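J.: Letter by letter, the sequence shown follows residues 95 to 249 of the working numbering.
Fair warning: there could be bad hints in the mix.
Said to hold, decoys possible - Calculated lysine to aspartate or glutamate pairs in the EDC-like style (CA-CA distance at most 20 angstroms, straight line):
{"#": "1", "residue 1": "162", "residue 2": "131"}
{"#": "2", "residue 1": "117", "residue 2": "155"}
{"#": "3", "residue 1": "189", "residue 2": "171"}
{"#": "4", "residue 1": "162", "residue 2": "204"}
{"#": "5", "residue 1": "178", "residue 2": "165"}
{"#": "6", "residue 1": "241", "residue 2": "98"}
{"#": "7", "residue 1": "241", "residue 2": "142"}
{"#": "8", "residue 1": "166", "residue 2": "132"}
{"#": "9", "residue 1": "199", "residue 2": "171"}
{"#": "10", "residue 1": "234", "residue 2": "185"}
{"#": "11", "residue 1": "234", "residue 2": "181"}
{"#": "12", "residue 1": "162", "residue 2": "144"}
These are computed hints drawn from the structure, not numbers from a lab.
These figures come from a predicted structure and were not determined experimentally.
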Amino acid sequence: MNTESTNWETEKEKLILQRNRNKIQFSTTLQWLELLEDGTNLLPYFREHDCRRIAVYGAAEIGGILLKEIEKDNLMEVSYFLDKNAEKHREKCGKPVYLPEEFAKLPEVDMVVVTAITFFESVFDTLMRIRPEIPAVSLKTILEVRKDEVWYEQR
95 MNTESTNWET EKEKLILQRN RNKIQFSTTL QWLELLEDGT NLLPYFREHD CRRIAVYGAA
155 EIGGILLKEI EKDNLMEVSY FLDKNAEKHR EKCGKPVYLP EEFAKLPEVD MVVVTAITFF
215 ESVFDTLMRI RPEIPAVSLK TILEVRKDEV WYEQR
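With the hints as constraints, model all of the structure from the sequences given.
T.: What follows is the structure, encoded as structure tokens:
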């Protein structure tokens, strides 16, 4: 196989992976919108788990939207963001952004919500190695739990 063909195959694989990640992100965003259409949001989940201080892993768009939703409740706050690309943006919506490696030295939080859902397993493993006492939960899991709760409430 020549180099040009190998490069094309590698590029094709990257594009397929990105497409699959985009599909998952889109599906998750739709679930979130459905919750909002039902007149609810994610806040009951955090209340039920006694979360007042939350860290968000993923300082991209979805992380910013999550911050705004959490801070609608005066008793909850996003303390900071964690992101593997923290060097690019050390602040998001007025909150500091740290590298995952810095997590050990950061103030304690009640939960880390992982918005990088397609990378959840590797992010979870990293966070658990650093601070196993702090739960890390995928945004996708929170949305699924809330969707089930709303379904039961409506019956």
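J.: Checking one constraint from the list: CA of residue 166 to CA of residue 132, max 20 angstroms. Satisfied?
T.: Within the cut-off at roughly 17 angstroms; holds.
J.: Check whether the Cα positions of residue 189 and residue 171 lie no farther apart than 20 angstroms.
T.: holds, 10 angstroms
J.: Decide if the proposed pair is consistent with the structure: residue 241 and residue 98, CA atoms, cutoff 20 angstroms inclusive.
T.: violated, 47 angstroms
J.: Between the alpha carbons of residue 162 and residue 204, is the straight-line distance 20 angstroms or under?
T.: Within the cut-off at roughly 18 angstroms; holds.
J.: Check the hint pairing residue 234 with residue 181 against an upper bound of 20 angstroms on the C-alpha distance.
T.: violated, 26 angstroms
J.: Can the restraint linking residue 162 and residue 131 be considered satisfied, given a maximum Cα separation of 20 angstroms?
T.: holds, 17 angstroms
J.: Given the hint that residue 117 pairs with residue 155, does the C-alpha gap stay at or below 20 angstroms?
T.: Since the Cα atoms of residue 117 and residue 155 sit roughly 16 angstroms apart, the hinted pair holds (cutoff 20 angstroms).
J.: Just to be careful, I want the Cα atoms of residue 234 and residue 185 compared with a cutoff of 20 angstroms; is the pair within it?
T.: violated, 24 angstroms
J.: Given the hinted pair residue 162 and residue 144, is their alpha-carbon gap at most 20 angstroms?
T.: holds, 19 angstroms
J.: Are residue 199 and residue 171 close enough, with their CA atoms no more than 20 angstroms apart?
T.: Cα-Cα ~19 angstroms, so holds.
J.: Against the 20 angstroms threshold, does the CA-CA distance of residue 178 and residue 165 hold or violate the hint?
T.: violated, 23 angstroms
J.: Is the Cα-Cα distance between residue 241 and residue 142 20 angstroms or less?
T.: Holds. Residue 241 to residue 142 sits at ~15 angstroms (cutoff 20 angstroms).
Taken one by one, the earlier hints fail for this structure at numbers 5, 6, 10, 11, listed in ascending order.
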